[in-house]
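Going line by line, the protein sequences match chains U and S. The first sequence begins at 3 in my numbering and counts up by one. The second sequence begins at 14 in my numbering and counts up by one.
Check each hint, because a few of them may be wrong.
Beyond 12 Å from chain S on every Cβ pair, some chain U residues (computed) [claimed, not checked]: (1) Trp17; (2) Val63; (3) Trp71; (4) Arg169; (5) Ile289; (6) Thr356; (7) Gln390; (8) Ser409; (9) Asp453; (10) Phe472; (11) Trp535.
Here are some, though not all, of the chain U residues that point toward chain S, as calculated from beta-carbon distances under 8 Å [said to hold, decoys possible]: (12) Ile142; (13) Leu146; (14) Glu149; (15) Tyr156; (16) Val157; (17) Ala166; (18) Ser167; (19) Glu170; (20) Ala172; (21) Lys174; (22) Phe176; (23) Ala180; (24) Tyr194; (25) Glu249; (26) Pro288; (27) Gly292.
Derived by calculation from the structure, the hints in this document are not laboratory data. If you're wondering where the values come from, they're calculated on a predicted model, not measured in any experiment. C-beta atoms are modelled at their ideal positions from N, C-alpha and C, and glycine is treated no differently.
One letter stands for each residue in the lines below.
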Amino acid sequence: MGQVEIAFEAPAVDWWVLTPQIILVGAALGLLLVASLAPRALPDWVSTIVSIATGAAAAIVAAVQWAAWDLAPRPTLNGAFVSDGFSLLLTVLVGAGVVMTALVAHSALDRYDMAPPEFAALLLASAAGAVVMAGANDLIVLFLGLESLSIALYVLIALAGRRASARESAMKYFVLGAFSSAFFLYGIALVYGSTGSTNLSGIGGFLFGSIRETDYLLLAGIALLLVGLGFKVAAVPFHFWAPDVYEGAPSPVTGYLASIAKAAGFAALARVLYVAVAEQSTAWAPILIGLAFATLAVGAVMAICQNDVKRMLAYSSISHAGFVLVGLSAVAGSGEAARWIVRVAGEESLILTTGATGAVSSAVFYLIAYSFMALGSFAVLSVLGSEQQSADASAGGADASPPHALSRYGGLARRRPVLALAFTVLLLAQAGVPLTAGFVAKFEVIRAAIDASGYVLAAVAMVTAVVSAFAYLRVVLAMYAPEDSADGDDSAPAARAGRPRWGGLPLTSVFAISLAVAVTVVVGVLPQTLLEWSRDAVLSIIL
Amino acid sequence: MSGLEVTTGWYLTLGAMLFLIGGTGLLVRRNPLIMLMCVELMLNGVNLSFIAFADRFGDVHGHTVVLFVLVVAAAEVVVGLGLVVAVLRASPRATADDLSALKG
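Hey, can you work out the whole structure from these sequences and the hints?
Spelled out as structure tokens, the structure:
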């Protein structure tokens, strides 16, 4: 074994850059500390308020940084972590996701026997992991972010462990998550072995200008990274865990899993592919296109076959992952490199080409639009789940059908007209109906694919969008169909004491659902601002 | 050590073998505790590869990575054991095949 020269020099830390993560982790640790020292002194609502305030604070800090730094990337910790437009935009998304999840969970925690402080602390810790993933410019930092996110999520699901389904869901998520992390890590090792660096910009600089088609160590490393992240974003054929985990997890956690965890995985994928190994796009783009084909097809076809609404939404989230992959893979076929050198004021710097920028920014836009739709849809499911549980309890547990069976959504429009309308908007948005965010998002990724001459992929994406629209319309039709049996009770279940309600619904969930619907409609009608933000975010990615 | 030099490739091969054994075991074995051990085996196979590469490059970075991975692996085992205990407490002698209520 050779001697290793060690000259340790502490890296400069830009604390201002790290503020969102510090806020999230600090609040999580503080909550845990108080909750364990004085368990009785903490009313339930304190935890919810703390998570909402912390999520909002992280998002606001990121928004202020976005405005104040004029999108100039700020690397820190020897370039291991970077704050650029891309990471800031996703930080805002993660903050919004935390706020909405905390709002929805507030009225559901009792039902799942989850302790509020633990739930809030784990939610904030996982959000910190997601934020780290969005800004990681080093594969090891990326791995640490991924693990903080995943490990917190395993426990978040297992918190509802009184239910057998939640135990099974947590165990499956854990085993497959650990399996995929090992693949991801092995990919890091091989890329490190091939390039001598784990820094994304370092790898990108080392590889710039060389295709290295026969560097099998590097290619195997890229493939393993794709497998690892493919598991995390539930791309087919690495999707087997997703429907089971989504179905067994508490609905508010499912919403978080389907939106924020997926967005963080895609952010990591985008950064690895476009910053570190952009020149190898001839190798990875075909794989990504293949994954996109499979993910779109399986997600759409399986979504139609489901008779359980929660499971249908799980498969639909797989098909949405396919659309994001369509966007990300759109670099290929254009025949140009993903990056080139420009000279600005005598200095050479790398920038993404127009095609690559369009590809990544369409994916970012899709992730943001989809996250709000997913959070809103699972919030509706959470509200309905608690209602159906109280209905079952008052009926003496006579109805043995699963809580989200499609048959139970029959006549919802008559019992809960406003809720059914909100759910309809969210489902139609997921189907890609015009004037909703879902339409603009699908339009943008398909346009990116066509710009990259991926006509077949674009056609398949459009066909599967139509196919999966059928799955959403089935739920909408069930809700608005006249009820034929007399088992629906008109009286809303008695309001639980101590929780403010609106028309019999928990007020916090109503607020979260309204937020999701508002974002979906406003972005659908006026998409220009968010489109520009996504573009600016991608243009400011540090290479 | 007569004439047989152990090069980096040997360590990499051993690391790859450990990774494959762990991965196969995770997919084949049904006892939750053994599955947990297989995850550890995979991670340690990766650790060995990191150290082998770091040694070849004479770069301290690969060695520090291993420390991070060890910490993460420890955190994963803590959570994993907690989950295994929760599952086994609910149904003693459960195997991974018994966790199949969710499907469709």
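For each hint, the structure was consulted:
1. Trp17: holds (22 Å)
2. Val63: holds (26 Å)
3. Trp71: The claim holds: U:Trp71 sits with its nearest Cβ about 29 Å from chain S, beyond 12 Å.
4. Arg169: violated (6 Å)
5. Ile289: holds (20 Å)
6. Thr356: holds (35 Å)
7. Gln390: Answer for U:Gln390: holds, closest chain S Cβ roughly 18 Å.
8. Ser409: The claim holds: U:Ser409 sits with its nearest Cβ about 14 Å from chain S, beyond 12 Å.
9. Asp453: It holds; U:Asp453 is separated from chain S by about 38 Å at its closest Cβ, greater than 12 Å.
10. Phe472: holds (17 Å)
11. Trp535: holds (33 Å)
12. Ile142: At 5 Å from the nearest chain S Cβ, U:Ile142 passes the 8 Å test, so the hint holds.
13. Leu146: holds (6 Å)
14. Glu149: Result: holds, 5 Å to nearest chain S Cβ.
15. Tyr156: Constraint on U:Tyr156 satisfied, holds at 5 Å.
16. Val157: Check passed: Cβ of U:Val157 comes within 6 Å of chain S, closer than 8 Å.
17. Ala166: holds (6 Å)
18. Ser167: It holds, given that the least Cβ distance between U:Ser167 and chain S is near 6 Å, below 8 Å.
19. Glu170: At about 4 Å, which falls below the 8 Å cut-off, the nearest Cβ of chain S leaves the hint on U:Glu170 intact, so it holds.
20. Ala172: Holds - the Cβ of U:Ala172 comes within 8 Å of chain S, reaching about 6 Å at its closest.
21. Lys174: Holds: closest Cβ of chain S sits about 7 Å from U:Lys174, inside 8 Å.
22. Phe176: holds (5 Å)
23. Ala180: holds (4 Å)
24. Tyr194: holds (6 Å)
25. Glu249: Holds, about 5 Å.
26. Pro288: violated (25 Å)
27. Gly292: Hint on U:Gly292: violated, closest Cβ of chain S at ~22 Å, above 8 Å.
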